[in-house]
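As you go down the protein sequences, you meet chains A and B in turn.
According to my numbering, the first sequence is numbered sequentially starting from 131.
According to my numbering, the second sequence is numbered sequentially starting from 131.
FYI, nobody ran anything at the bench for these hints, they're computed from the structure.
Treat each hint with caution, since some may be false.
Claimed, not checked - Distance condition first, Cα-Cα at most 25 Å in a straight line; then the derived DSS-like pairs of lysine-lysine:
#, chain 1, residue 1, chain 2, residue 2
1, B, Lys233, A, Lys180
2, A, Lys266, A, Lys170
3, A, Lys215, A, Lys180
4, B, Lys140, A, Lys233
5, B, Lys140, B, Lys227
6, A, Lys266, A, Lys140
7, A, Lys327, B, Lys327
Claimed, not checked - Okay, the calculated bits of chain A under chain B, using three or more residues with CB under 8 Å as the criterion:
#, region
8, 194-204
9, 218-228
Said to hold, decoys possible - Computed Cβ-Cβ distance ranges for the label pairs, DEER-style:
#, chain 1, residue 1, chain 2, residue 2, range
10, B, Arg169, A, Ala190, 43 to 51 Å
11, A, Pro197, B, Tyr174, 45 to 53 Å
12, B, Asn194, A, Leu228, 45 to 53 Å
13, B, Glu201, A, Asp161, 27 to 35 Å
14, B, Gly171, A, Arg263, 16 to 24 Å
Here the structure is a predicted model, which is why all the values come from computation and not from measurement.
Backbone N, C-alpha and C fix where the C-beta goes; we use that ideal spot for every residue, glycine too.
Number of protein chains: 2
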Amino acid sequence: MKPPCESKCKLLSVASRLIWENSYGAVSVDDICREADVRKGTFYHFFPSKADLTIAAQEADWQNLRPRLDENFSPQTPPLERFEKYCESTLANQRQKLQEFGKVCGCPTITLGSELSTLNESIRLKAVEIMDRYLKYFESAVRDAAVDGLIETGDPRVTAKAIFAYSQGVLLEAKIRNDLTQLETMQDGMFRLLNLKPKAECV
Amino acid sequence: MKPPCESKCKLLSVASRLIWENSYGAVSVDDICREADVRKGTFYHFFPSKADLTIAAQEADWQNLRPRLDENFSPQTPPLERFEKYCESTLANQRQKLQEFGKVCGCPTITLGSELSTLNESIRLKAVEIMDRYLKYFESAVRDAAVDGLIETGDPRVTAKAIFAYSQGVLLEAKIRNDLTQLETMQDGMFRLLNLKPKAECV
DNA sequence: CTTGCAGTTGACTGACCAGTCAATATAGCT
DNA sequence: AGCTATATTGACTGGTCAGTCAACTGCAAG
Chain A
131 MKPPCESKCK LLSVASRLIW ENSYGAVSVD DICREADVRK GTFYHFFPSK
181 ADLTIAAQEA DWQNLRPRLD ENFSPQTPPL ERFEKYCEST LANQRQKLQE
231 FGKVCGCPTI TLGSELSTLN ESIRLKAVEI MDRYLKYFES AVRDAAVDGL
281 IETGDPRVTA KAIFAYSQGV LLEAKIRNDL TQLETMQDGM FRLLNLKPKA
331 ECV
Chain B
131 MKPPCESKCK LLSVASRLIW ENSYGAVSVD DICREADVRK GTFYHFFPSK
181 ADLTIAAQEA DWQNLRPRLD ENFSPQTPPL ERFEKYCEST LANQRQKLQE
231 FGKVCGCPTI TLGSELSTLN ESIRLKAVEI MDRYLKYFES AVRDAAVDGL
281 IETGDPRVTA KAIFAYSQGV LLEAKIRNDL TQLETMQDGM FRLLNLKPKA
331 ECV
């Protein structure tokens with residue numbers, strides 16, 4: 131028998147990758163099993179359904195991503211610089227995927243949420259949960275920027291949501307156009323949405 | 131025999147609606163035929179494949195949408211007001227769909243493009259084509275606003291792309307959250323992205 | 001009246017779908 | 001060694017998938 135978790139972990143990572151590269155609907159349980167080199171019975175030993183595996187894979191993705199976000203949005207970093215770092219690491223991530231897979235794949239969570247929001251309530255809720263986790267980083271950065279007097283104040287949550295929506299829109303555009311150029315200048319739009327005070331010469 | 135185009139048009143409108151409400155992957159040719167009350171042979175008499183029907187349905191959707199956009203973005207309307215009108219009509223459209231279907235469905239083109247950008251090149255290209263048509267409205271409104279001295283100038287195309295990406299991000303967020311509240315304040319973010327001159331008291 | 005043709009039908013194909021299950025294997029524990 | 005949990009297998013089900021096809025229909029032009 132393989133070391134504990136090997137089959138389960140392999141299923142999670144293969145599913146995560148295949149769904150990211152293709153779509154939920156286009157990836158079958160058989161596809162996932164084949165690439166994970168695991169038989170179907172094993173799949174259903176660990177996961178009650180394809181949708182449950184998908185939710186677990188989303189959570190695993192988040193856990194893998196979190197250290198990067200914790201670093202980008204560290205309270206040790208000046209607030210505006212956090213957005214800068216986030217834009218850079220997002221671009222780097224998409225660039226790497228493009229290089230190894232040949233296509234811009236966008237954000238796995240939002241792509242999946244978009245495909246299934248009307249079809250599978252538990253997957254939709256998982257996407258919302260992860261979106262809200264992102265939002266915490268954005269919101270605290272906006273709040274810290276306001277405290278530092280860098281931006282015209284307003285409801286930080288509203289501003290954070292606008293910036294997040296914008297970033298997801300840019301990512302989606304990049305995915306559909308299969309072209310990263312707009313992602314390279316994403317920071318400009320974020321700063322406009324922040325309503326930077328004129329005197330602020332940061333960046 | 132039915133009047134000419136009846137079967138073909140029914141297939142287009144049913145496909146458009148089903149794919150909008152569900153997803154490309156979740157809607158089968160059989161589903162479309164059943165709801166259009168047309169037999170499968172008829173389907174394949176008019177369309178060589180499911181993907182071809184989908185592309186034709188996207189084009190038909192655009193043709194139906196165009197008069198609304200032409201009105202929203204009429205050069206007769208002051209430039210900033212055009213964005214205002216666009217936000218209002220988009221919100222109204224989503225609200226109506228939510229009321230009759232029970233779920234926020236977002237933008238059909240972008241949702242489809244997001245699902246299939248890595249899987250079907252011709253559908254991806256159709257989505258890009260339609261996105262570029264949207265962009266023309268946005269870009270000319272930005273340019274007109276600059277000429278009127280309402281905004282800090284910059285490359286109008288870049289600004290238009292940012293506003294478009296933002297609007298799509300907000301729509302996507304609304305779809306995934308199944309909640310229209312952020313869509314109600316979309317105009318604020320657009321105006322921030324426009325870099326309105328301080329003196330501009332429009333709106 | 002007949003010939004042609006776009007539109008329509010329904011039965012068909014073979015592949016694939018998600019999910020099931022009883023049998024088997026292996027690990028750690030006593 | 002024997003027991004029990006968990007892990008694994010591979011064959012199986014019934015349904016659905018996209019797409020095919022030969023035959024049929026009714027209209028219109030010659």
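Looking at the structure, which of the earlier hints fail to hold?
Structure breaks hints 2, 3, 4, 6, 8, 9, 12, 13, 14.
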